[in-house]
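Just need the whole structure built from these sequences, with the hints factored in.
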Amino acid sequence: MTSRQTTANVRGTLPFRARIAPRFGYGAETHTTHLEGHTAVFRSPSLTLALTATAPLESDGLDVWSHFKLREGESNVFALDHIGDDVPARSCPRAEAQEQAEATVRFWRRWLAGSRYHGRWREMVNRSALLLKLLTYAPTGAIVAAPTTSLPEQIGGERNWDYRYVWVRDAAFCVYAMLRLGFTSEAEAFMGFISQRGILRGTGESGPLQIMYGIDGRTELPEHELAHLEGYLGSAPVRVGNAATGQLQLDIYGALIDSIYLYDKWGQPISSDRWDEVGAVVDWLCEHWDQPDEGVWETRAGRRNFVYSRLMCWVALERAMRMANHRGLPADLPRWRASRDAIYRQIMRRGWSAGRGAFVQGLDDHVLDASLLMMPMAKFISPTDPKWLSTLDALTTDLVSDSLVYRYDPTASPDGLHGPEGTFSICSFWYVEALARAGRLEEARLAFEKMLTYANHLGLFAEEIGPTGEQLGNFPQAFTHLSLISAAFNLDRALG
1 MTSRQTTANV RGTLPFRARI APRFGYGAET HTTHLEGHTA VFRSPSLTLA LTATAPLESD
61 GLDVWSHFKL REGESNVFAL DHIGDDVPAR SCPRAEAQEQ AEATVRFWRR WLAGSRYHGR
121 WREMVNRSAL LLKLLTYAPT GAIVAAPTTS LPEQIGGERN WDYRYVWVRD AAFCVYAMLR
181 LGFTSEAEAF MGFISQRGIL RGTGESGPLQ IMYGIDGRTE LPEHELAHLE GYLGSAPVRV
241 GNAATGQLQL DIYGALIDSI YLYDKWGQPI SSDRWDEVGA VVDWLCEHWD QPDEGVWETR
301 AGRRNFVYSR LMCWVALERA MRMANHRGLP ADLPRWRASR DAIYRQIMRR GWSAGRGAFV
361 QGLDDHVLDA SLLMMPMAKF ISPTDPKWLS TLDALTTDLV SDSLVYRYDP TASPDGLHGP
421 EGTFSICSFW YVEALARAGR LEEARLAFEK MLTYANHLGL FAEEIGPTGE QLGNFPQAFT
481 HLSLISAAFN LDRALG
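Position 15 of the sequence shown, counted from 1, bears residue number 15 in our numbering, the numbering being contiguous throughout.
Source of the hints: derived by calculation from the structure; they are not laboratory data.
Take the hints with a grain of salt, since some may be wrong.
Derived pair list, reagent style DSBU-like, types lysine-lysine, alpha-carbon separation capped at 35 Å [unchecked claim]: (1) 265 to 379; (2) 265 to 387; (3) 133 to 379; (4) 450 to 387; (5) 133 to 450; (6) 265 to 133; (7) 450 to 265; (8) 379 to 450.
This is the structure we're talking about:
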């Protein structure tokens, strides 16, 4: 595998400095560096890398650097290869690098040309689509939540997690976004990941599904801390692995089955084998939906009866019933219907707080939670239902700050962690969509366009936005970008 970097000057004469400082095993392994001419080889116990360059190289025995000048039209190429004992380092001629760069541009332009979105915010939607594609591991079709670990949700805080895994929820939501854009092959690739690795046939303590997997389908993702690293801006701990793997999060069943339903509708009809797997999962859910779990936000303060988890269990049953009816597939429909209706009644009776005039975070609770912005999007309730409009007003009052949305108030609903966090960007885009569906179009457009101003110079978002507009959490984040796509689609449609 080769990574190439081309440095080119388009005007005048400029000096450049390049430094290559690899660290192996998260900085815990030592390595040697051997420099010969325009090639440097970095060797560690676990990995060997070779750097070749068209510019002169220098080394201190650990790192490598290059100082050079480029006149207008000149360029230098740096290529980093993973090599083995029998795989020599390759050269990096400028012509080959230029050809590969042009081929890369052609590929991505051709891919983006397949998008069905041609609305007002095409550039930002395209950037988001590119990111979701780049978060996909091509050999298996797995989609990771983010490519980084332990970038903090609060500078100096402990809310630092490893997101380099395949969350069922996040990946399923990515499938929604890809199908909306017309990219069915990416959706099919993820469906292949689910089927080929037997993910719907799991037998773990938390049910057929666990909440996340490795990109190769691994189920063991033990969490440990790298004590020798101080973390980004002193934000320790730095974690590898994720202890939330064993949590019970019942909402993932709704997310995944909804994505299967949408792929059956907009991609390829569901196969008989996959339907058998879906049916077994739904039968399991009929027995297990009415129990506490850790919820969509993966709290570490014990299990609770989260309304969002009930909502997505309802989605799982409702979408499975739609597929069965549409395709004439075998199913225990009376049982599924009874469970679906029981969930609906429970949410309407115990998930609604008359005192708050809103749907709330947990059954018989009074705390608000931005995950409930999904209620009209999941088609559980009309976006103009009086109870929903009252909920939207309550969320606006309690959790919205200048169009940015907090997940919940951790002082009112302790989550087992210390310190505050930023506003949660997926919730901010959900808020845009909820406003648009409620007919509050000017508010929705203002909130959406203000959110776009928080992107970096490449149009990318992290998980959260801090009090001074800084990006917080792992970066870039699939959750944020898939919700941007959905909000843009629905707001465009509402604006006409």
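Against the structure, the hints:
Using a Cα cut-off of 35 Å, the hinted pair residue 265 and residue 379 holds, with the two alpha carbons roughly 16 Å apart. Annotation: proposed proximity of residue 265 to residue 387 holds, straight-line Cα distance about 30 Å (limit 35 Å). A hinted pair counts as satisfied when its Cα atoms are at most 35 Å apart, and residue 133 with residue 379 qualifies at roughly 27 Å. Restraint check: the Cα-Cα separation between residue 450 and residue 387 comes to about 27 Å, which is no more than 35 Å; the hinted pair holds.
With a C-alpha separation of about 25 Å, the suggested pair residue 133 and residue 450 falls inside the 35 Å cut-off, and the hint holds. Only pairs whose Cα atoms come within 35 Å are accepted, and residue 265 paired with residue 133 is accepted, the gap being roughly 21 Å. Taken as a hint, the residue 450 and residue 265 pair is honoured in the structure, with Cα atoms around 34 Å apart against an allowance of 35 Å. Restraint check for residue 379 and residue 450: satisfied, since their Cα atoms lie roughly 27 Å apart, inside the 35 Å limit.
In terms of the numbered hints stated before, the structure departs from none.
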